[in-house]
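*Asks:* Residues per chain are reported as follows:
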Amino acid sequence: MRLALEGSQALARAVALCRPQVVAAYPITPQTHIVENIAKLVADGRLDCDFVSVESEHSAASVALGAACAGSRAYTASSSQGILLMSEVLFDISGLRVPVVMTCANRAVSGPLSIWNDHQDAMALRDSGWIQLYCADNQEAIDTTVQAFRIAESLELPVMVCVDGFALTHTLEGLTLPSQEQVDAFLPAYAFSRGLDSSQPISIGTLVSPDHFTEVRASHHNALLEALVEIPAVDALWQQMSGRGCGGLVEVRGDPEARVGILTLGSVLGTLEDAMDEYPDAPRARLIKLRAFRPFPVEALRQACAGLEALIVFERAFSPGGGGIVAAEVQAALYGHAMPRVLSYAAGLGGRDIGLDAYPRLMQALEAGGEGFRFFDLKPDALPEGGF
Amino acid sequence: MLEIRIHGRGGQGNVMAAYLLASAAIDEGREAQAFPAFGAERRGAPVTAFVRIADRPIRRRCQVLEPHFLIVQDPALLHVPGVTAGLKPGGAILSDGAPEPGFEAQLGCPVVRLPATRLAVEHLGRPVPNTALMAAFLTLTGILPVEALIRALGPRFKGDVLARNERLIEAAAGQVEAGLWQEAVNAARA
Amino acid sequence: MVKGNVASATQRPPLPQAGEPPSGDKGGGEGKDRATAPSVGVTIPIAELRASQPRFQGLTAGHRACLGCGEALAARLVTEAAGPDVAVANATGCLEVFTTPYPESSWRLPWLHSVFGNAGAIAAGMEAAYKQQGRTTKVIAMAGDGGTFDIGFQALSGMLERGHNVLFVCYDNEAYMNTGVQRSGSTPHAATTTTSPAGAARMGKRHMKKDIVNIIASHRIPYAATASVAYVSDLRRKVRHALEVEGPSFLHIHAPCPLGWGHEGSATIEVARLAVQTGLFPLLELERGELTAVMPIRKPRPVRDYLALQNRFRHLFGPDPRAQVELEHLQALADHNIEAYGLLGEGEDAQDSEGADTVQRGGVRWA
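Line by line, the protein sequences give chains A, B and C. Under this note's numbering, the first sequence is numbered contiguously, ending at residue 393. Under this note's numbering, the second sequence is numbered contiguously, ending at residue 233. Under this note's numbering, the third sequence is numbered contiguously, ending at residue 363.
Please note that the accuracy of each hint is not assured.
[Claimed, not checked] Straight-line C-alpha distance at most 27 angstroms; calculated BS3-like pairs for lysine-lysine: (1) C:LYS206 <-> C:LYS127; (2) C:LYS295 <-> C:LYS205; (3) B:LYS131 <-> A:LYS384; (4) A:LYS45 <-> C:LYS295; (5) B:LYS201 <-> A:LYS45.
[To be verified] Listed next, the stretches of chain A that the computed footprint assigns to chain B, with coverage defined by at least 3 CB atoms under 8 angstroms from CB atoms of chain B: (6) 63 to 73; (7) 86 to 99; (8) 176 to 186; (9) 199 to 211.
Derived from the structure by calculation, the hints contain no laboratory data. We treat Cβ as the ideally placed atom computed from N, Cα and C, and that holds for glycine.
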């Protein structure tokens, strides 16, 4: 049944359906509505869970880590500065191979202060060893959240579900929640093979010398590569059980036959899809939705990009002094495989609206030739004299 | 697809108004989307929210820059530059407050006034114009039955408060001409 | 699915050999001990473990602590007193490093080390999970002074404020010993460390030692206490009481570091005892923020006796005219403690700082 739900409210209910036993969170815009709604479900007796309202995001991640190791399904959510404050613990959670699920309500990172959406927060955690799944809409956010627990627990890897702050978290729309029976049938009860049990004591998080560290890291890497199989498999299973899939690792939309493509992460995809209908005279494009950013789906990307002459990588973050983050990885993945010309755009930074007209503008930019990195919708007049 | 922009001030239930309208549409089997112009505004600051209602899935996530209709919760905002910007030709404005014929003539589009705050104070004891304006908007456009709005309030209010909201909705709906903006709606859908 | 090779050691060092009982308790049960001791993959009921072992050892021999390490001794005493139904959250520091050189571990308790500043929050998460599962396992957070006074303070304060049923133990050796003796919020005034060296322009640390036990007690938690490795049965009693209390408790244990303090490894107990007997480290118990008990000092020793044993205070005994001022300053701090906490006992007391834990002097072992 479709319900009129705000994205955050739907996410909270999706999390509750997964029966977390410990939820730890510290408030930050735009994550707040998610955890407020979970707190309300607990307060109303609709979710049997210890909601630990901690004193910082560092502690939110730590409580989740401690709880998951002590044998309880654990969840947290954050954004922006919160993600960065957590980062030390996030590396630890993944390095110790502990299955925690978190929602990143994506937001720009200070300074200067911006509370609005972009992907700089999650991208900064690119190398943290977490699985990162980006959601194109709120329905995907619901379904990916349920899938995330299963992926995390089967691989003993943490999963970050990236949901565009405001654009998704604060948007009310018609959404379908799975039934409790569906989720229960899909998601086995939480079990952590290395749990902290006083009748079988083990030590987790020991000091690892150079003799072993490379192997620890390699096994973590291998587990992430295994996720390249697990993520689409879990998505397919969920599709079978719920009727809704999220596109596995990479999904091709728009015109699959087009020779030019636009690759995106997150919710801007829908705007471009609508724009293709609104601008029927603009050239057709293959829209490539990158759902899994970590692990990076090299093979799936090569297939999705096969036959492209030109590709725009349209991302909501960049590496200052470098350029597009995803663009660089896409180019590396396609190198030697019928490499298209790549235009790399940082777009929608700090919540700048990306309108329907972005689509024809991007198509024009492709026709104009050129490659490399640029800012979308930059106002040159607003730059300081000299440009910097 | 019908696009609506709602202007008000923090504390007036601006986002709630947008959510109510979209919820009512979704409950009626339509596609709808509502979201605030995301900001960090405190009480009293001008705020904006957007609603889209359509018959097929709405995929876009951009703000509504060229709405078919404006709903203005604080009449003073009508005088603020930018508030009426982008209103589509043939569009119309529904605003709280008393008519200002001279000023409205300059706006170059139909304006309907409803004493929404006064009605809310009368029925609810609180100066929240949103529900009355939504009721009037549905009556003017005919896009959804007014009952859908009452049903959308169901999950939010109970008992006496819900009953008073129902009476407010009936009173507000009775103060505007049913179907007055039907043509504008048809034009938007075409 | 790929697993294994993760940084969690399930192997343990060999059990103590016959003739080396795991604690000071002599007599029967050693053979039985070995036969039923935990091995990987075998579940042993807690009650059986308890019955089969003369004294439960949560932290066994074979770790890599320095000679005379006060923290290693304190951790052994805490885990012995706490018993087997305990899980440990350990902050980064010496204790974590010297007990768990992968793939070995000295811990016979479930043990989790995350990072430096989050022991309070890790413990809170473990406690929340156990509570949610209806398990009785008690959670103990362990941290050094850095992980308590400084980087771990916020997580600790939050854990206390939320009322988690956790015992937080601070092993206080008064500097960042793991990284090479840098000053912390716990380093005493005038002590030399590598980041508060004494020199022509400085007499060691310029600032005061943070009064952590009162700060913690001000959270109005059920129980906060100080203890010292020099007073073993007092320490054990406080651990047991802290674990019996429902809600957060805090134990601040003074634990000398021969390396960082500059004394012989064999002098650890003497140094720790002098800290108490001078009044510089008073042994206190506070319930809901109110002082409820102190260990009396029969005859206070001058702070010089304590300071002179440690190289970190050597500059206070040199020709520099400021040394005398600092010595007087430190004596005043000790005098203030004695006055403020009413540490002076009246007459001989088997449980005062001369008598407690010293059987030959007439003290009583209670634990």
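*Asks:* Would you mind marking each hint as holding or not holding in the structure?
*Replies:* Each hint tested on the structure:
Annotation: proposed proximity of C:LYS206 to C:LYS127 is violated, straight-line Cα distance about 33 angstroms (limit 27 angstroms). A hinted pair counts as satisfied when its Cα atoms are at most 27 angstroms apart, and C:LYS295 with C:LYS205 qualifies at roughly 24 angstroms. Restraint check for B:LYS131 and A:LYS384: satisfied, since their Cα atoms lie roughly 26 angstroms apart, inside the 27 angstroms limit. Pair hint A:LYS45 plus C:LYS295 does not hold up; C-alpha atoms about 59 angstroms apart against a cutoff of 27 angstroms.
Simply put, B:LYS201 and A:LYS45 have alpha-carbon atoms about 18 angstroms apart, close enough for the 27 angstroms limit, and the pair holds. Coverage of the stretch 63 to 73 of chain A by chain B is violated. Counting CB-CB distances below 8 angstroms, 0 residues qualify, and the rule asks for three or more. Coverage of the stretch 86 to 99 of chain A by chain B is violated [criterion: at least 3 residues with CB-CB distance below 8 angstroms; count 0]. Coverage of a stretch by a chain is defined here by at least three residues with a beta carbon nearer than 8 angstroms to that chain's beta carbons; for the stretch 176 to 186 of chain A and chain B the count is 4, and the condition holds.
Using a Cβ-Cβ cut-off of 8 angstroms, 0 residues of the stretch 199 to 211 of chain A lie near chain B, which falls short of the minimum of three, so the contact claim is violated.
Checked against the numbered hints given earlier, the structure breaks hints 1, 4, 6, 7 and 9 and satisfies all the rest.
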